[in-house]
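Q: With these hints in hand, go ahead and build the complete structure from the sequences.
Sequence order for the protein chains is A and B.
The working numbering numbers the first residue of the first sequence as 1 and each following residue consecutively.
The working numbering numbers the first residue of the second sequence as 1 and each following residue consecutively.
None of these hints come from the bench; they were simulated from the model.
We put the beta carbon where it would ideally sit given N, CA and C, even for glycine.
The reader is advised that the hints may include incorrect statements.
As the list claims (entries may be wrong) - Simulated restraints, written as ranges between beta carbons of each label pair:
hint, chain 1, residue 1, chain 2, residue 2, range
1, A, D423, B, H56, 45 to 53 Å
2, A, A24, B, S97, 30 to 38 Å
3, A, S374, B, F51, 52 to 60 Å
4, A, I6, B, V60, 44 to 52 Å
5, B, D96, A, G53, 45 to 53 Å
6, B, H56, A, G335, 17 to 25 Å
7, B, A71, A, L4, 19 to 27 Å
8, B, S54, A, G422, 36 to 44 Å
9, B, A74, A, Q57, 38 to 46 Å
10, B, R24, A, A19, 37 to 45 Å
11, A, Q416, B, G15, 42 to 50 Å
Unchecked claim - Below, a sample of chain B positions facing chain A; criterion: calculated Cβ distance under 7 Å:
hint, residue
12, I34
13, I36
14, L38
15, V41
16, M52
17, S54
18, E72
19, V75
20, G76
21, A82
22, F84
23, L86
24, S97
As the list claims (entries may be wrong) - Stretch-level coverage of chain A by chain B, calculated; a stretch enters the list once three of its residues show a Cβ under 8 Å from a Cβ in chain B:
hint, segment
25, 123–135
26, 144–151
27, 168–178
28, 229–239
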Amino acid sequence: MLDLIIRFSPLVLVLVGAAAVMLADAFSDKGQSNDLSTVTFWAFVGASGGAIGLWVQGDTMALHPLVAPFLAADPMALLLDAVIAGAGAITALLAGAYLREHQMERGEYYVVMLLAAFGAMVLVHSTHLLSVFVGLETMSLGVYSLAAFRRTSPRSVEGAMKYFLLGSFAAALLLFGMALLYGATGEMELAAIATALVEGSAHNTLALLGTALITAGLAFKVGAVPFHMWSPDVYEGAATSVTAFMAVVVKVAAFTVWVRIAVVALSAANLADPFSGWPPLVMGLAVASMLVGNLSALVQTNVKRMLAYSSIAHAGYIMVGFVAYAHSAAGGDEGAGDQALSAMLLYLASYAASSLLVFGSLIWAGSKGKEVVSYEDLKGLGRRHPWIGVAMMVGALSLMGFPPTAGFIGKYYLFQSAVNVGDGLIPLVIFAVLASAVGAFYYLKLIVVMYMEDQEQEAAQAVPMRSVHLWAAIGLAAYFVFRIGIAPGNYMEIAIGAARAL
Amino acid sequence: MGIGEYLALGSILFGIGATGFLTRRNVLIQLMSIEIMLNAVNVVFVAFNRFMPSNHMGQVFAFFVIAVAAAEAAVGLAIVIAFFRLKKTVVTDAGDSLRN
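A: Have a look at this one:
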């Protein structure tokens, strides 16, 4: 029992944090300000530290047989635990600043956030269809309620309702796919599904249908075209601190579980065939996401909406990794496959750091009464408030993929891993590079607006908020953007180790 | 009855739910459609389990789906109530303040 608590200490710490925040909120006097965001921050830092400690210790002992089929404590799960908890810690600080400034701080926000992050962490640990489903729903239900947190705002509630309806629909598709896969193989453990599929005892049509439905359900969660309709609305409607959490934690967890399902369960030759299984499907999703995401982001006037479309485009880039993995696995080149998977993991971490920096700067630039949401609000910001301008610029450059930031390293390794697979993927990589060149246009527009344009009326200018929480969050996000960007070596090794152990 | 009939029943139910979800504009009916889809999945899970009784995960999964569906309905109805308070209607067409 104690062994299990230690092996899953990141999850346990997040749960303990949720309980502590709940109690602290219940027993505190009304109106008295207490710093729940700091408690949440330390719970996440503890979870992150626990994950790093477990990774260093490198315990590979078998888990208790009651838990073993459902959850793994392998290097990939621990790496992503650290990323999710780290992103959670930064969003907790952002929420502490944002919610207090806009006077909507209530204790349940932090509880729901911790529990949603717990669901995300269950998801990255899960090795069984049941724990995938339960983890996904734990995370999603939390995020639905967070999206509706500003419940007097029609936009917030409307976005949350769209997210909830489409999310539940996607969950039903995913479930039906799981049922068909179970029917095809008679198994629910991901490794056992793979064995049944490889041995050929599985029903082929059912397995193919199940794979397609599961892919569609997961594509919805990561916001890939054509399952992306919800994301701009939710990103725009939700409170900015929620948008940051959603953009990072949900995407990271959903991609991780997708990696695990694709690599562990759906690796049989007929399903993972580069030309007839899920890889062409994922390639279609990737191309559509890069195309639609980048082109739609160009025409947005609202920065949060632009970031939503840009996150759709980023989902497209990450899916290139899946295609690269499938091609190298079919060619029997295990090293290239591991490289593709590790590039995806590194991309997720760098995307998380850069998005948090951009959302943090957006929060920073506004204060009670006037939030910064459109390009109009950003005009001249870089000259009026140089620090905010620098933070936003670094974040935007990193999302764009400009050296020496994290985004550059992420894109570089990802595209390189696809090129290494062979000539077959070069057209896809060229397309991805062209798509990121289109992306550069709207990120640069952000910078141009901040430094080279002036706002017409002085009165409409937003006043930046002042909060130690916020500065700490920006500092942390900026640190990771440069840390991954300048010295990615050991992060790269960790990611390759995680991919190899999968 | 063989597995084919159960699978057909489950698929038809799922199709009815999906059609209802995609064509109706009343949030409550859309929620009911989602419930139909989840229950269709339960039928499929339990039927597969009946014909492949190597372990009982299919039935266990059906219980989990029922529990999660209840939680989902709770969160969903809360969001619908918040929506109704603001818009005085539960028709999804009223949610048109977020546009490109």
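Q: Which of the numbered hints above does this structure break?
A: 4, 6, 13, 22
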